[in-house]
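Could you build all of it, start to finish, from the sequences and the hints given here?
Just so you know, the sequences run in chain order A and B. Sequential numbering from 0 applies to the first sequence in numbering that gives the first Met the number 0. Sequential numbering from 0 applies to the second sequence in numbering that gives the first Met the number 0.
Since the hints were made in silico from the structure, they are not lab data. Ideal placement from N, C-alpha and C gives every residue a C-beta, glycine not left out. Possibly wrong hints are sitting among the right ones.
[As the list claims (entries may be wrong)] With a Cα cut of at most 30 Å, we get these calculated DSS-like pairs of lysine-lysine: (1) LYS334(B) to LYS193(A); (2) LYS193(A) to LYS426(B); (3) LYS400(B) to LYS458(B); (4) LYS193(A) to LYS215(A); (5) LYS273(A) to LYS400(B); (6) LYS67(A) to LYS5(A); (7) LYS215(A) to LYS289(A); (8) LYS373(A) to LYS126(A); (9) LYS193(A) to LYS39(B); (10) LYS275(B) to LYS357(B); (11) LYS39(B) to LYS67(B); (12) LYS127(B) to LYS117(B); (13) LYS275(B) to LYS215(A); (14) LYS275(B) to LYS256(A); (15) LYS451(A) to LYS67(A); (16) LYS273(A) to LYS193(A); (17) LYS334(B) to LYS275(B); (18) LYS426(B) to LYS334(B).
[What the hints assert, rightly or not] Quick list of simulated restraints, FRET-style, between CB atoms: (19) GLY73(B) to SER182(A): 31 to 37 Å; (20) ASP239(B) to SER179(A): 34 to 40 Å; (21) LYS275(B) to LYS256(A): 20 to 26 Å; (22) ARG131(B) to PRO359(A): 55 to 61 Å.
Single-letter residue listing:
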Amino acid sequence: MLADRKIKLGVAPTRREDLNFPVAMALAQKDPVIQKLRELGVDFVGLDDVCKDGLLVSLEDLEAAKRKFQAEGIDALFIPTVVFGAEGPVSLLAKALMLPTLLWGPRDPEGRGATGKAGLGIYTIGKSLRRLGVPFTFMGTCSVEDRLFSEGIAAFLAAANLVKTIRQTRILQVGPRPESFWSVIVDEGMLMEKLGIPVYPIALPELFDRFTEVSKTEVSHIQEIVAELKRRTIIKTNEQIIAKSAAMAITLESLVKETHSNAVAIQCWHALPKALGIWPCAAGALLTEKGIPVACEGDVYGAVSCVMAQAASRNHAWPIFMDFDGVHPENPNAFNVHHCAISPINSYQHMPALFRRVNPPEEDWGGCIAGELKTSGDVSFLRFDGDRSQYSVLLGKGKAVSGPAAASGNSYGWYEVQDWQRLEYLLATGPYIHHGVIIYDDILVPVYEACKYLDIHADFAFDSEKQWAESFLYRV
Amino acid sequence: MIYPDNRILLGLAPTRRDDLTFPVETALENKKMLFAHLDKLGIEYVHLDDVCPDGMLVTLEDVAAAEKKFRQEGVHAVFTAFTNFGCEGAVSMLARAMNLPLLLWGPREYEGFGYEGKCTIGLYAAGKDLLRMGCVFSYIPNCYLEDELFERGLRTFLAAANVLKEFRRARILQVGPRPESFWSVIFNEGELLERFKIPVYPLSLQELFDEMQRVLENHRGDVDAIVESLRQRTSCFVADEEVVVKSAAMKIALEGFARQTQSTGIAIQCWYAMQKAVGIWPCTAGSLLTEMGIPVACETDVLGALSCVMAQAATMGRCHPFFVDWGWRHPDNPKALSLVHCGITPIANFAEMPCIAKRRPPWNQAWGGGVSGLVKPGDNMSYLRMDSLNGEYSVLLGGAKSVDGPVISPASYLWIEVPNLLELDYKLTVGPYIHHCVFVHEDILPVMSEALRYMAGIKPDFVFEEERKRAQRFFFTD
Numbered sequence: 000m001l002a003d004r005k006i007k008l009g010v011a012p013t014r015r016e017d018l019n020f021p022v023a024m025a026l027a028q029k030d031p032v033i034q035k036l037r038e039l040g041v042d043f044v045g046l047d048d049v050c051k052d053g054l055l056v057s058l059e060d061l062e063a064a065k066r067k068f069q070a071e072g073i074d075a076l077f078i079p080t081v082v083f084g085a086e087g088p089v090s091l092l093a094k095a096l097m098l099p100t101l102l103w104g105p106r107d108p109e110g111r112g113a114t115g116k117a118g119l120g121i122y123t124i125g126k127s128l129r130r131l132g133v134p135f136t137f138m139g140t141c142s143v144e145d146r147l148f149s150e151g152i153a154a155f156l157a158a159a160n161l162v163k164t165i166r167q168t169r170i171l172q173v174g175p176r177p178e179s180f181w182s183v184i185v186d187e188g189m190l191m192e193k194l195g196i197p198v199y200p201i202a203l204p205e206l207f208d209r210f211t212e213v214s215k216t217e218v219s220h221i222q223e224i225v226a227e228l229k230r231r232t233i234i235k236t237n238e239q240i241i242a243k244s245a246a247m248a249i250t251l252e253s254l255v256k257e258t259h260s261n262a263v264a265i266q267c268w269h270a271l272p273k274a275l276g277i278w279p280c281a282a283g284a285l286l287t288e289k290g291i292p293v294a295c296e297g298d299v300y301g302a303v304s305c306v307m308a309q310a311a312s313r314n315h316a317w318p319i320f321m322d323f324d325g326v327h328p329e330n331p332n333a334f335n336v337h338h339c340a341i342s343p344i345n346s347y348q349h350m351p352a353l354f355r356r357v358n359p360p361e362e363d364w365g366g367c368i369a370g371e372l373k374t375s376g377d378v379s380f381l382r383f384d385g386d387r388s389q390y391s392v393l394l395g396k397g398k399a400v401s402g403p404a405a406a407s408g409n410s411y412g413w414y415e416v417q418d419w420q421r422l423e424y425l426l427a428t429g430p431y432i433h434h435g436v437i438i439y440d441d442i443l444v445p446v447y448e449a450c451k452y453l454d455i456h457a458d459f460a461f462d463s464e465k466q467w468a469e470s471f472l473y474r475v
Numbered sequence: 000m001i002y003p004d005n006r007i008l009l010g011l012a013p014t015r016r017d018d019l020t021f022p023v024e025t026a027l028e029n030k031k032m033l034f035a036h037l038d039k040l041g042i043e044y045v046h047l048d049d050v051c052p053d054g055m056l057v058t059l060e061d062v063a064a065a066e067k068k069f070r071q072e073g074v075h076a077v078f079t080a081f082t083n084f085g086c087e088g089a090v091s092m093l094a095r096a097m098n099l100p101l102l103l104w105g106p107r108e109y110e111g112f113g114y115e116g117k118c119t120i121g122l123y124a125a126g127k128d129l130l131r132m133g134c135v136f137s138y139i140p141n142c143y144l145e146d147e148l149f150e151r152g153l154r155t156f157l158a159a160a161n162v163l164k165e166f167r168r169a170r171i172l173q174v175g176p177r178p179e180s181f182w183s184v185i186f187n188e189g190e191l192l193e194r195f196k197i198p199v200y201p202l203s204l205q206e207l208f209d210e211m212q213r214v215l216e217n218h219r220g221d222v223d224a225i226v227e228s229l230r231q232r233t234s235c236f237v238a239d240e241e242v243v244v245k246s247a248a249m250k251i252a253l254e255g256f257a258r259q260t261q262s263t264g265i266a267i268q269c270w271y272a273m274q275k276a277v278g279i280w281p282c283t284a285g286s287l288l289t290e291m292g293i294p295v296a297c298e299t300d301v302l303g304a305l306s307c308v309m310a311q312a313a314t315m316g317r318c319h320p321f322f323v324d325w326g327w328r329h330p331d332n333p334k335a336l337s338l339v340h341c342g343i344t345p346i347a348n349f350a351e352m353p354c355i356a357k358r359r360p361p362w363n364q365a366w367g368g369g370v371s372g373l374v375k376p377g378d379n380m381s382y383l384r385m386d387s388l389n390g391e392y393s394v395l396l397g398g399a400k401s402v403d404g405p406v407i408s409p410a411s412y413l414w415i416e417v418p419n420l421l422e423l424d425y426k427l428t429v430g431p432y433i434h435h436c437v438f439v440h441e442d443i444l445p446v447m448s449e450a451l452r453y454m455a456g457i458k459p460d461f462v463f464e465e466e467r468k469r470a471q472r473f474f475f476t477d
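So this is what it looks like as structure tokens:
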């Protein structure tokens, strides 16, 4: 597991200034929430030191809360409406911060309104947030002891992590896209305009220069990685290619660090293997495993897809960047993925091989990884793409199964989904392509929630999964 | 064919309303006079004499026959000339079927009693039909064939059609990714394809370098011939001879890739991977290709290359694009500023023989390859820049005249004057434009204004209101 990314939550319990809702009632509702967040290990800051009773009630409280949350650099906002809630201050706070915002109130155990009408407050605040154009997440009213509370908070934090990650994302684009891949065409300006993601382009000769330098100067580091590759893969290629793959991993990582990027899209057809005699797959696999996903074939949107999947899993799982291919010979709802392959070495069922690709047969280009991906476990699939000024994310769930090996000798895996023909239809007609990401985790709810904040269309492959994900945060 | 031929074949469809009130003889006489005048002006056209009765567009059968003929002949624009009231329906149907630039005109009455066929009435009617059909069209206001307005309108229309033709077949060869530090040249590759069907062909720098090497090894004769011609056409090589040799090899390599990918313009990465690998700037190679009709924009400016393609087409190939940075203000003249770049400018664009320069910074390097000197003056220059923001495309347009100013070296440069420098300066900063622009030594504003009417989704954006008015009123200014 990669290091958890910290998400700092700003908690602003709110109360309406109203004689019907005494402060004591509010505090009685607020304390268990704070207590529960501590219990869940959430990293949060409240308003106890800046607002009276730690409650957001007045416009003065709003200013104090804004200052505090901005100073603390919170990543997301949580508004428990402990008694009804102050519609104006809450809405203006959310508008000022424009962060993922979770609206929730404790359930009235008797339903008579004796404990503060949290529900009523939420319905009113929801309307004013809409009027102000503030996207928000609603979690159904419940007791803090309900399963929904802990799972809902976790899903919201994962969504917030995805939003935060995307807003800090920078893609290192190595070389232009391969000419024959029209599918990976990217609108660089639109990526900046709509999502604020800058691309950092470098030319292949610059990569080659750095590679040459690294090969000369980083000998011991190269040897360490060579040893790791020998330990973790079955070597079916020569020493030189292992060393070059190691040097490529160091080269790419140093460029990522220098350019403050967090993911890479690399041109691998065929200028790179012609010049260096390797494919960048093994190097990419090592980087992806370290939390810097690499997408091949210059696929910038593919790199963004990897970043999204990884962030939605809160770094608990690794993105596996693959070609989505045909249907299983026996199982009509299982489909094949394969690539040459840039997926992390830890994603295989058995130790994979470090090998030379079969094609083109006349070239001795190596550096690819082959094996069968894990054959059990729940997975999600995801592809971020866009055209005609609209971004969308294809989303769905599946489970890993076994199936025949890829004819190409490449890495492969098989995944059963609800309806392969539906998925195939979307791959062909959607704004999607043959590239997608598999992740051994359920990331549907966080991605769905995050899409609200990023103005991306969440495009569920299957209606029942859509209904499930949409209702996850409101069904107790 | 990657080089533009700047040829516009006009499909001429004279139209006549088949109505007893309009004598056939008058219509035929009008048609005959029109043919004779077009011949006199040297306009290339195909007509309907062999496919429609009297060579006139009247019935729906005529529409089908005209469409078939025009398609076979591959016309680039259609001219429905009204010989009397004309057939609105047939004109509209043909316009919709062809989806090409369409010109409407009818002759002025010689006697002024409506005897000759009420052309204008028919034109007013047809204009409305065309709008209903969603057809864009150009109109030369009612005038005599011999009027200066007729020829001016016709030539402007043909040049606008040429812009549209070149835009519709434009393909840009993108060599290398953009230089990282140039955020300004970011463009939307997918959007270019979606909106305008313009594909970009990416090529990695390494492939260019490999090809240059192959050219140097296998085509040394061709390389030497270019070097020799450069020796004749430039005042001196300040850069090392080796730089000129490599520039010639790069020109051959780029031309080969442009042919192979059928690209009509090139955007090339020139900061600094190229210099580190092959020791040259691509300016000289780009200058030679631009002169041949395949404009090259530096700093991987794809929209810059597209701007060059448009500007060149607007002049019907009479001018080579002068791709520049907007420079700095003139020391004395408050209305003037410099245009300057390292030197991708065609040799034909210079006032005197330029030299093949060595760029100064970085001082420790001998990287060379720019074509350097003062660009030839012009009283009627135009500038153009296509760019986009949030999915909206626009073209910056304006006019300028050259003035004297201090020498800038090494660079290809020129000092120009505009109506109001501060207004231009403001526009360049807040507009959706950048520091790159294309100049031509001709007034292309009316042509561009007309061409952009046909280019849905791209707005003309004149810096100066009076220039916009002049360009848009060009067709009806006596």
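Hint-by-hint comparison with the structure:
1. About 38 Å separates the Cα atoms of LYS334(B) and LYS193(A), which puts this hinted pair outside 30 Å; it is violated.
2. Between the alpha carbons of LYS193(A) and LYS426(B) the distance comes to roughly 24 Å, so the proposed pair stays at or under 30 Å and holds.
3. Distance restraint check for LYS400(B) and LYS458(B): the Cα-Cα separation of roughly 24 Å lies within the 30 Å cut-off, and the hinted pair is therefore satisfied.
4. For the proposed pair LYS193(A) and LYS215(A), the alpha carbon gap of about 42 Å is over 30 Å, so the pair is violated.
5. Among the hinted pairs, LYS273(A) with LYS400(B) is inconsistent with the structure: their alpha-carbon atoms are about 50 Å apart, more than 30 Å.
6. Between LYS67(A) and LYS5(A) the alpha-carbon distance is near 18 Å, which keeps this suggested pair within the 30 Å criterion.
7. Note on LYS215(A) and LYS289(A): the hinted pairing holds, with a Cα-Cα distance of about 24 Å set against a maximum of 30 Å.
8. Taken as a hint, the LYS373(A) and LYS126(A) pair is broken in the structure, with Cα atoms around 46 Å apart against an allowance of 30 Å.
9. Restraint check: the Cα-Cα separation between LYS193(A) and LYS39(B) comes to about 55 Å, which exceeds 30 Å; the hinted pair is violated.
10. In summary, the hint linking LYS275(B) to LYS357(B) is supported, as the alpha carbons are separated by about 15 Å, within the 30 Å threshold.
11. A C-alpha spacing of about 27 Å is found between LYS39(B) and LYS67(B), which places the hinted pair at or below 30 Å, so the restraint holds.
12. Straight-line distance between C-alpha atoms of LYS127(B) and LYS117(B) comes to about 17 Å, which keeps the hinted pair within the 30 Å bound.
13. Only pairs whose Cα atoms come within 30 Å are accepted, and LYS275(B) paired with LYS215(A) is accepted, the gap being roughly 18 Å.
14. The suggested pairing of LYS275(B) with LYS256(A) holds, with an alpha-carbon distance near 22 Å, which does not exceed 30 Å.
15. Our distance criterion of 30 Å between C-alpha atoms is met by LYS451(A) and LYS67(A), whose separation comes to about 25 Å.
16. For the given pair, LYS273(A) sits about 36 Å from LYS193(A) by alpha-carbon distance, which is inconsistent with the 30 Å threshold.
17. Of the pairs offered as hints, the one joining LYS334(B) and LYS275(B) is violated, with about 40 Å between alpha carbons and a cut-off of 30 Å exceeded.
18. About 15 Å separates the Cα atoms of LYS426(B) and LYS334(B), which keeps this hinted pair within 30 Å; it holds.
19. Evaluation of the 31 to 37 Å hint for GLY73(B) and SER182(A) yields a pass: the beta carbon distance comes to about 32 Å.
20. For the hinted restraint 34 to 40 Å between ASP239(B) and SER179(A), the CB-CB distance of approximately 38 Å keeps it satisfied.
21. The hinted range of 20 to 26 Å is satisfied by LYS275(B) and LYS256(A), whose Cβ atoms lie roughly 21 Å apart.
22. At roughly 57 Å, the beta-carbon separation of ARG131(B) and PRO359(A) lies within the given 55 to 61 Å, and the hint holds.
Checked against the numbered hints above, the structure breaks hints 1, 4, 5, 8, 9, 16, 17 and satisfies the rest.
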